[in-house]
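Novice: All chains, please: the whole structure from these sequences, using the hints.
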Amino acid sequence: MRNSESSNRAFQNLRSNRVLGAISSLLRKAPTVSSTSSSSFNRDSQSTIRDSTSTLTEDSSDPVRHIPAESKELDSGADSATNLSQSLSSDTLDAAGFDAEALSARVNPFYVPPNKRASRVLRPSTLNAPDAKHATSSKQIPEDEPAPVPAEKLEEETVHDVWMKALEIESTGILNPFQACTALVNVDGVGNTNLVVADLAGIGKLSNATSQNLNNPTNMFTSIKVFQGHRLLNEHIVPAPPVALVHFYPDSDVTPRIPVTALGSGPDVFMYHANTPFQRFTLPFIKPHPQEEDAWKDLSVAVGAALSQAAECSGTGFVDDEVLQFAWNRIVELRESGAPITRRSLQFISGCPDMQSRRAMVNNEALTPLLIQPDISCMTVLNRNSFTKDAQAMLVVGTEQGILYLVSPPQYSVVEQRTLLSPIAHLGVIGLYEKEFTICCACRDGSIQIISSTKSKSMKRILFDVLLEGVIGLRDHFIVASMKKQVFAYTTEAHLMYSFSVPSPITAIEKVETNSTFCGYAVAMMDGQVHLYDGRDLVSKISANGSVCSIRFGDFGRDSSCLVMITSTGELDVRILRRNARLLPLKPAVPDPAVVKGAGEFQRCAVKIRRFISRLLIGSAQEMYQKFQLDLMHLRLVAERATLNNTKRRLNPVCEASNLKLSAEVKGFGPTYRIYVRLLNAGTDTLENVYVLLAADSRAYSIDTAGFEVAVLFSEQCVQRSSLMHARQNMNEGVSDMVQVFVFEHGVRNRVLIANKIPVPLN
Amino acid sequence: MGIWSAFLTSLGIIKRKVNILLVGLDNAGKSTIINGLKLNAAAPTEIVPTVGFSVETFSTQHRLTFTVFDMSGQGKYRDLWEYYFPDVEAIVFVIDASDKARACVARDELETMLENKVLRMRKIPILFFANKMDIDGGMTPSECSGALGLEEIKDRNWTICATNGLTGQGVSNGFDWLAEELKS
Ligand SMILES: Nc1nc2c(ncn2[C@@H]2O[C@H](COP(=O)(O)OP(=O)(O)OP(=O)(O)O)[C@@H](O)[C@H]2O)c(=O)[nH]1
Ligand SMILES: [Mg+2]
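So the sequence lines, in the order shown, correspond to chains A and B. Residue 614 in UniProt numbering sits at position 614 of the first sequence, and the numbers go up by one each step. Residue 121 in UniProt numbering sits at position 121 of the second sequence, and the numbers go up by one each step.
If you are wondering where the hints come from, they were derived from the structure by calculation, not from laboratory data. Please note that the accuracy of each hint is not assured.
The calculated label-pair distances, taken between Cβ atoms and stated as ranges, are [as the list claims (entries may be wrong)]:
no., chain 1, residue 1, chain 2, residue 2, range
1, A, T517, B, D155, 51 to 57 Å
2, A, K165, B, N116, 21 to 27 Å
3, B, T140, A, K389, 16 to 22 Å
4, B, L80, A, K165, 42 to 48 Å
5, A, F500, B, Q169, 55 to 61 Å
6, B, T67, A, N385, 42 to 48 Å
7, B, P49, A, T368, 30 to 36 Å
8, A, K165, B, K183, 51 to 57 Å
Restricting the straight-line Cα-Cα distance to at most 27 Å, the calculated cross-link-like pairs of lysine-lysine (BS3-like) are [said to hold, decoys possible]:
no., chain 1, residue 1, chain 2, residue 2
9, A, K225, A, K165
10, A, K541, B, K100
11, B, K183, B, K38
12, A, K165, B, K154
13, A, K165, A, K587
14, B, K76, B, K100
15, A, K389, B, K38
16, A, K587, A, K541
17, B, K15, A, K511
18, A, K608, A, K389
19, A, K225, A, K587
20, B, K100, A, K225
21, B, K38, B, K15
22, B, K183, B, K17
23, A, K541, B, K17
24, A, K165, B, K17
25, B, K183, B, K15
26, B, K76, A, K165
For every residue, glycine included, the Cβ atom is placed at its ideal position computed from N, Cα and C.
Specialist: Now the structure itself:
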């Protein structure tokens, strides 16, 4: 049972990824050299087998919890921050007049503002109201009713409540639905959103296709199908088997807003605009490993020499065996060191058993330069500077070579490029290109790598012991679905927030964002169930008529909030979320014994706090402490800076202490002036540790004694000080000709007592 | 309404004003239907989706002047509907009979509307138009009524008639029924 399940899954993995890669490489290679194509096919099928066996063995092992085995961080830097923050005294916070409630909300993760306490309580009893059919949409249901109805029934009722069956079409003609190749696109820019499926119909025919069929791409019927409601609106034959389909708006201001549908295939991205082929973009060649390149350069020189000798009838026309062996050794060495090598090298070292065939192969291929064509494996879209649906966006392209590209329209130039350790299988993004973004790449080796734009060097890698099925970026965290029925949530800093298991193998995962209030995700499973989660809470269950291969949420037709599911048999099932539906957790949140008391509220407190707590729970308390200190210091700095700015910019004098009198003047005609400051303690108390600070625009003046201390100032005592000030030679216009005088008290509170500005006489 | 104007109204010298709320999903053909009723106004060449709502006034031969609030049916504007419930004397609900897939959305909106507190108190009549009857393969009025669960409305008067917004066919029948309802 278990074996068949896992082999099923392996098959799906195979169909979705491996076969595609194999086919696309086949197609591209086929017209040129047939030997290459067969060998590349071999390679790919070999690796497929390897993968599927590994899945098998993994599956037959004990069902232990699969926590990421390794977590590497390539950057650090919180320590210095901690030290710094400790050196800052906490009084500054009070000085800035910091809101106590906001602070307690920050410091205490379980803090709930008093006015919100009541409404936080969420009860499933709302589902048990007399009018259960519309329970979620009506508002006046008593909250404090008990809930004696069994959970099963509750769930059933909510399912029917929240979703409406809109469309169910048994045969759409989609032969190979697959998540990465479906999208909901407003194809022609009017208010009617279409379902676009890049269908791999040709692949279905592959099993009985002969090899000569394979070499002729016209026999493949890979197409893009555009559905409007239930009918097929349009169908284009696409030039090569697709691996990824996305849509985006390439420009910011062109109206009407018509999105571009981009189809990734091999090294190319084909773009369709308003139902017509529009543009094509090819990823640049990748440079191979220098050692490999050298080896082939030597070989090509040798081949050239051998051929010219043959032309003079004095040689065999083949390369010397020593040269061949030397190059062979170098490449094998490289391969053993773990570096990725090109397909050509791979064939050279493993595809040719004897010297004879090696010689032939080298003669055939060595003369063409060794360049690697990238193979696109996945794509996603990153908005440039706005989160709105029709904002300008750019493409994020992942390749089999493990290189991630950021491609910016309208020129489609690669603006950023990162090399990862493994082929990229899925991508999720958070943020905006021009502000801050994080990309989560799920790789073929079962790891995720989180790349963030802010710290340019930062790249965090988490290795799973299981392959990954999908990644999506929610508002501030990533959801990673594994092939072993598990869902993980990671923050943008690569910290695990939570993980849980689902009942059946996951086939697809999709972001579900209805409006500003709900942002969750749907998990489609092999048994035809689709579960909708809000965080780790299950909020809705849907069952389809078969295994759901592809699931998309968004606008469909004229309606928003539609869930479009395509099953493995090509059945289309569209559900619409009721407009007034509220997605609430199906079961009351069971307090985790590990979680501290108050965890129910913890679920509903601010995201940042939740993140702290989740980090605390997974044991990185120290890190959490550092982060907290860093934030606190940051907050203090912000507050101090604001206060400083405020006092600096203020033109009118400040007088906090009524018992202190300041009189200051600047005398002289320049370039040298003298500043006189008189301080009078008019109160009855003695003042201690009073500082006087003189400040002027440093571009214009230099002050000899910029500050002095008055250790004690008795009642009725008057202190007079003076300082020289020189105007600088290169004083230009536009700088302020003011001298600022600050008097502050040093002690428990560094507060400014008096501040004033005095004009400098013109010279 | 003063006694004097009530008297004049009863004589038919001035017409009674009736507020009507015109709702339904977007693209159902609400604006098209109402446009066909404005006999005097020059028909605009093209009807664009309504933004928010628009108000049209027209009179019929039933001694009534209808003020129709033509609401937008787009999802983001549907919340506006309920603000008019206290002030209208009848509701016209337009259904796109050619769009079976959206019947469930229309049903959801109808149910939400009928659950509204204000409307539950006010037993005003509802006139359903199964619009776009000219399109082949569309639902008949009885199918519409089944799809929207109209049979379940027991607490108020309603009727459904097939219409064609483009030609105006069937619309006047509906308003005749409404005028009868409002007289009583
Ligand atoms: N074939 C046909 N088309 C119709 C009929 N009635 C309306 N239409 C078309 O339906 C489309 C939408 O009509 P509108 O009147 O703008 O719809 P609406 O309900 O006012 O839409 P919103 O203002 O967005 O809520 C227009 O293109 C009309 O031409 C009809 O009876 N038959
Ligand atoms: Mg309208």
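Novice: Each hint needs a verdict: does it hold in this structure or not?
Specialist: Tested hints:
Between T517 (chain A) and D155 (chain B) the beta carbon distance is about 32 Å. The supplied range of 51 to 57 Å is therefore violated. Checking the proposed 21 to 27 Å range against K165 (chain A) and N116 (chain B) shows it holds: the Cβ atoms sit about 24 Å from each other. Evaluation of the 16 to 22 Å hint for T140 (chain B) and K389 (chain A) yields a failure: the beta carbon distance comes to about 37 Å. Range check, L80 (chain B) to K165 (chain A): about 27 Å between beta-carbon atoms, so the 42 to 48 Å window is missed.
Take F500 (chain A) and Q169 (chain B): their Cβ atoms lie about 58 Å apart, and the range 55 to 61 Å holds. Look at T67 (chain B) against N385 (chain A): about 45 Å separates their beta carbons, and that is inside 42 to 48 Å. Checking the proposed 30 to 36 Å range against P49 (chain B) and T368 (chain A) shows it is violated: the Cβ atoms sit about 58 Å from each other. The supplied range of 51 to 57 Å is broken by K165 (chain A) and K183 (chain B), whose beta-carbon atoms lie about 41 Å from each other.
Pair hint K225 (chain A) plus K165 (chain A) holds up; C-alpha atoms about 23 Å apart against a cutoff of 27 Å. About 24 Å separates the Cα atoms of K541 (chain A) and K100 (chain B), which keeps this hinted pair within 27 Å; it holds. Straight-line distance between C-alpha atoms of K183 (chain B) and K38 (chain B) comes to about 22 Å, which keeps the hinted pair within the 27 Å bound. A hinted pair counts as satisfied when its Cα atoms are at most 27 Å apart, and K165 (chain A) with K154 (chain B) qualifies at roughly 25 Å.
Restraint check: the Cα-Cα separation between K165 (chain A) and K587 (chain A) comes to about 24 Å, which is no more than 27 Å; the hinted pair holds. Under the criterion of a C-alpha separation no larger than 27 Å, the hint pairing K76 (chain B) with K100 (chain B) is consistent with the structure, at around 21 Å. At roughly 38 Å between alpha-carbon atoms, K389 (chain A) and K38 (chain B) are farther apart than 27 Å, so this suggested pair is violated. For the suggested pair K587 (chain A) and K541 (chain A), the alpha carbons sit about 12 Å apart, so the restraint of at most 27 Å is met.
Proximity of K15 (chain B) to K511 (chain A) is assessed by CA-CA distance (about 56 Å); at most 27 Å being required, the pair is judged violated. With a CA separation close to 26 Å, the supplied pair K608 (chain A) and K389 (chain A) stays within the 27 Å bound. For the hint pairing K225 (chain A) with K587 (chain A), the CA-to-CA distance comes to about 40 Å; that exceeds 27 Å, so the pair is violated. A hinted pair counts as satisfied when its Cα atoms are at most 27 Å apart, and K100 (chain B) with K225 (chain A) qualifies at roughly 22 Å.
Distance check on the hinted pair: K38 (chain B) and K15 (chain B) sit about 17 Å apart at the alpha-carbon level, within 27 Å; holds. Distance restraint check for K183 (chain B) and K17 (chain B): the Cα-Cα separation of roughly 12 Å lies within the 27 Å cut-off, and the hinted pair is therefore satisfied. For the hint pairing K541 (chain A) with K17 (chain B), the CA-to-CA distance comes to about 50 Å; that exceeds 27 Å, so the pair is violated. Simply put, K165 (chain A) and K17 (chain B) have alpha-carbon atoms about 41 Å apart, too far for the 27 Å limit, and the pair is violated.
Restraint check for K183 (chain B) and K15 (chain B): the C-alpha separation of about 12 Å stays at or below 27 Å, so the hint holds. Between K76 (chain B) and K165 (chain A) the alpha-carbon distance is near 21 Å, which keeps this suggested pair within the 27 Å criterion.
When the structure is compared with the earlier hints, violations turn up for hints 1, 3, 4, 7, 8, 15, 17, 19, 23 and 24 and for no others.
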